[in-house]
Amino acid sequence: MAERPGIERLLELFAEGKVAAAARLITILENGGEDAERVLDSVFHKTGDAYRIGFTGPPGAGKSSLLNRLTGRFREKDHRIGIIAVDPTSPFTGGAFLGDRIRMQAHSEDPEVFVRSLASRGSLGGISNCTDEVIDLMDAFGKDMVLIETVGVGQSELEIAEKAHTVVVVLVPESGDGIQAMKAGLMEIGDVFVMNKADHEDAESAAREIQDTLRLKDIPAGEWEPRVILTSAREDTGIGELVEAIEEHRRYLEAGGHFAGIRRKILRSRVRNALMDRMERRLRQSAGVRDLLEQRMESVYKGEISPYKVVRELEELVSIQ
Amino acid sequence: MARKVRVLIAKPGLDGHDRGAKVVANALKDAGMEIIYTGLHQTPEMIAESAVQEDVDIVGLSILSGAHMTMFPRIMELMKEKGAEHILIFGGGIIPAEDMDKLEEIGVARIFGPGTDTGDIVTFIRERFPEE
Ligand SMILES: Nc1nc2c(ncn2[C@@H]2O[C@H](COP(=O)(O)OP(=O)(O)OP(=O)(O)O)[C@@H](O)[C@H]2O)c(=O)[nH]1
Ligand SMILES: [Mg+2]
Numbered sequence: 001m002a003e004r005p006g007i008e009r010l011l012e013l014f015a016e017g018k019v020a021a022a023a024r025l026i027t028i029l030e031n032g033g034e035d036a037e038r039v040l041d042s043v044f045h046k047t048g049d050a051y052r053i054g055f056t057g058p059p060g061a062g063k064s065s066l067l068n069r070l071t072g073r074f075r076e077k078d079h080r081i082g083i084i085a086v087d088p089t090s091p092f093t094g095g096a097f098l099g100d101r102i103r104m105q106a107h108s109e110d111p112e113v114f115v116r117s118l119a120s121r122g123s124l125g126g127i128s129n130c131t132d133e134v135i136d137l138m139d140a141f142g143k144d145m146v147l148i149e150t151v152g153v154g155q156s157e158l159e160i161a162e163k164a165h166t167v168v169v170v171l172v173p174e175s176g177d178g179i180q181a182m183k184a185g186l187m188e189i190g191d192v193f194v195m196n197k198a199d200h201e202d203a204e205s206a207a208r209e210i211q212d213t214l215r216l217k218d219i220p221a222g223e224w225e226p227r228v229i230l231t232s233a234r235e236d237t238g239i240g241e242l243v244e245a246i247e248e249h250r251r252y253l254e255a256g257g258h259f260a261g262i263r264r265k266i267l268r269s270r271v272r273n274a275l276m277d278r279m280e281r282r283l284r285q286s287a288g289v290r291d292l293l294e295q296r297m298e299s300v301y302k303g304e305i306s307p308y309k310v311v312r313e314l315e316e317l318v319s320i321q
Numbered sequence: 001m002a003r004k005v006r007v008l009i010a011k012p013g014l015d016g017h018d019r020g021a022k023v024v025a026n027a028l029k030d031a032g033m034e035i036i037y038t039g040l041h042q043t044p045e046m047i048a049e050s051a052v053q054e055d056v057d058i059v060g061l062s063i064l065s066g067a068h069m070t071m072f073p074r075i076m077e078l079m080k081e082k083g084a085e086h087i088l089i090f091g092g093g094i095i096p097a098e099d100m101d102k103l104e105e106i107g108v109a110r111i112f113g114p115g116t117d118t119g120d121i122v123t124f125i126r127e128r129f130p131e132e
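Residue numbers (the numbering used here), protein chains in the order written: chain A, 1 to 321; chain B, 1 to 132.
No lab work stands behind these hints, which were simulated from the structure alone.
One or more hints might be untrue.
What the hints assert, rightly or not - In silico lysine-lysine, DSSO-like type, Cα no more than 30 Å apart, as pairs:
| no. | chain 1 | residue 1 | chain 2 | residue 2 |
| --- | --- | --- | --- | --- |
| 1 | B | K102 | B | K22 |
| 2 | A | K265 | A | K217 |
| 3 | A | K46 | A | K265 |
| 4 | A | K46 | B | K82 |
| 5 | B | K22 | B | K80 |
| 6 | A | K46 | A | K77 |
| 7 | A | K18 | B | K82 |
| 8 | B | K82 | B | K102 |
| 9 | B | K80 | A | K18 |
| 10 | A | K265 | A | K77 |
| 11 | A | K46 | A | K18 |
| 12 | A | K77 | B | K82 |
| 13 | B | K80 | A | K46 |
| 14 | A | K18 | A | K77 |
| 15 | B | K80 | B | K102 |
If we strip away everything but chain B, and leave its shape as in the complex, we get (with noise of 0.2 Å):
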């Protein structure tokens, strides 16, 4: 049996709804990838313990409030804590520019404004996770 990608999609913070980070979810599956599903009001514990415990190679954040400055790093720092800093992260939402670029040099994957077409997200992964 050959590998498969798996990817954790969660929404972290108290708001909102989760219905972009579940059309990313489904194109994910249409894919042929494993989508591990958490849905809403997840912490930043709860989204690190559960992408280890699933052996993820890359977590997906659906972000719409503004707490991400400090969400992708607390993420990033839990998982490198449990012996996990190879799983790859990436977010999707609102975010300013500036912002992205802090991001993406922390070492976050990749951040995805609104309205981005779902085939880019799977081409991005197929990209660094070449199925054998």
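Bound conformation, chain A alone (with noise of 0.2 Å):
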């Protein structure tokens, strides 16, 4: 087999605008450790510029055929598309079954899209731990606006909404999505409610349902009024009108100076993240720490000692100023 180029030759083909060599580098960034660090190290000065957009929405709703036409608008408008496509790792085998390019055809030839599934892999809900680090190389390669599709389960909707400008849920008229929404606290985080599958009957009732819900929430004169769009992708109807909804909440953000904002609420979540993860790796890994918890659980067995007092002994010799 070839020789397989190493880090600083990847940065450079990166550089250049080779995909091949961008895709190389996501799979170094999902794989962890010192290597993606050196990754981030040297994109992340060229972070900070694209347009993410979040689309959430339960099983089959028809996320990825909508991102497949919303990609054909954006294109027309010479936008450079990034798609990030989440889908779970099981968690009995570790594999996964990524399935959404299916849906997303019509651009498989367009250099300009960028399509990258996702496992979920250890991350507990429908968001991969590294999408952060995804969209950030996305970003750092030239993409002006990246596309996350994310699967509603879990807290995917809520870690979406912490990494996205504008989120887009994506609904459908059958299985009482209208109910499952509210509960599932879907109904907080749209900036854009989608009723796709317009073309059966129930769509713009459902559609009402979801308005009328909207209705009732309590937003303070000059902050954004959530929208509800009627779609069909499969039809290609209605998608200009999420267009340009989408296009309206990045004015509303602009206006307001929004975005700084929100960036800096996104970075301050990555490092207190990314510090914890790293806190939790070193206090398992410390020989110091393990050492005196053996010494000393069998004392709090005994019950001579609470847990809390070993806590504060293992406090002494971690000490954080």
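Combine both chains into one complex, guided by the hints.
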């Protein structure tokens, strides 16, 4: 087999715009560790410009089909598109079936559309732990719009809200989504609600139901009022309206000076998460912590000292100023 | 996080169904691999570009029609142009014995005939890509 390029070489090829190098770097990010950090350290200064749009909703609602249509419209406007499609990893086998590309074939020969499927891997929700890093890489690669698809399960919809400028919640008329959506907290995070499969009969009434629910919310004057859009990804209807709603939300964020705030929020939460991960790993790996635990747990078992006493002793050991 | 074997499964050509491809995809998934499934009607360009973007280790094609003698070399050539000549390729389907030899000669990693036990495909991939 041919000699594979190392990270330095990959970064050079990445800077030249080579898709294969970008794809390889994403794999390195997914696998984590020192190599992933090296990649991030060197591309981070090129990030911060991409507009991030999150798409979430129940399985089979038509998210991928909509992304396929939307990408067409955004390409007409000369946007360079990155798409990240996350599907769950099986907790039993560690394997994953990543099938979103099936519905995203219209652009599979367009070099300005970079689609990457991610398995959620270690993360419990529907979103991969390295989603932020992959967004960074696409951003640094020159994609000015990054679309992120995640299935609305677990906490993923809340996580996507922390990563995106605009959140699009995709619902369908069948299966009483109205009620489910309210329960799952989807209603709180959507900037735009899409009732897809408008070619089905009940779509209009289902959309009205969503609209009614949104009206019950107290939205202060001047703040964004979520839009409800009827689409059919199959018949290519309502897509222009959806583009318009997304762009309107973007203009709202821009006019209100919200951009910098969102970026700061995203970066703060990333530093916090990365720090917590790092600290946890160091604690787990520390021989000192392990020895002390081993010594003192016996006394805890016997009821001689409380768990908190041990924790205080550990805290002294690892002392953080 | 350890690396995962990533496999692209596609069904090129205009005809047929993708039942066999799905069975293989599911078996590989159950063996702990990440399967990127692109479905039916794939052109060589689509397959090569998807394989590159997804940075897969290996591509598996389900072939029913007679186009295999052009399909495999074309995809390999395209992947090479895109700087991804390291990606392996294998196939499954009804392919005459003499063609099988020719394909393996040009670098197709393996052709599985009809009725292959999916376990053999799992073993074949595992041997080439042991997970750390
Ligand atoms: N009738 C109708 N079917 C649609 C429409 N949009 C998507 N579908 C179909 O719905 C099914 C699921 O579509 P996807 O785009 O894969 O949905 P998804 O939300 O991405 O699905 P997951 O990623 O599996 O959660 C497919 O069979 C589509 O053809 C639509 O507007 N109308
Ligand atoms: Mg999908």
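Here's how the hints hold up against the structure:
1. B/K102 - B/K22: 26 Å, holds
2. A/K265 - A/K217: 24 Å, holds
3. A/K46 - A/K265: Between A/K46 and A/K265 the Cα gap is close to 18 Å, so the pair holds against 30 Å.
4. A/K46 - B/K82: 24 Å, holds
5. B/K22 - B/K80: Holds, at roughly 27 Å.
6. A/K46 - A/K77: 23 Å, holds
7. A/K18 - B/K82: 8 Å, holds
8. B/K82 - B/K102: 24 Å, holds
9. B/K80 - A/K18: Measuring from Cα to Cα gives roughly 13 Å; hence the hint holds.
10. A/K265 - A/K77: 29 Å, holds
11. A/K46 - A/K18: 16 Å, holds
12. A/K77 - B/K82: Answer holds: A/K77 to B/K82 is near 26 Å, not above 30 Å.
13. B/K80 - A/K46: 28 Å, holds
14. A/K18 - A/K77: 23 Å, holds
15. B/K80 - B/K102: 19 Å, holds
Checked against the numbered hints above, the structure breaks none of them.
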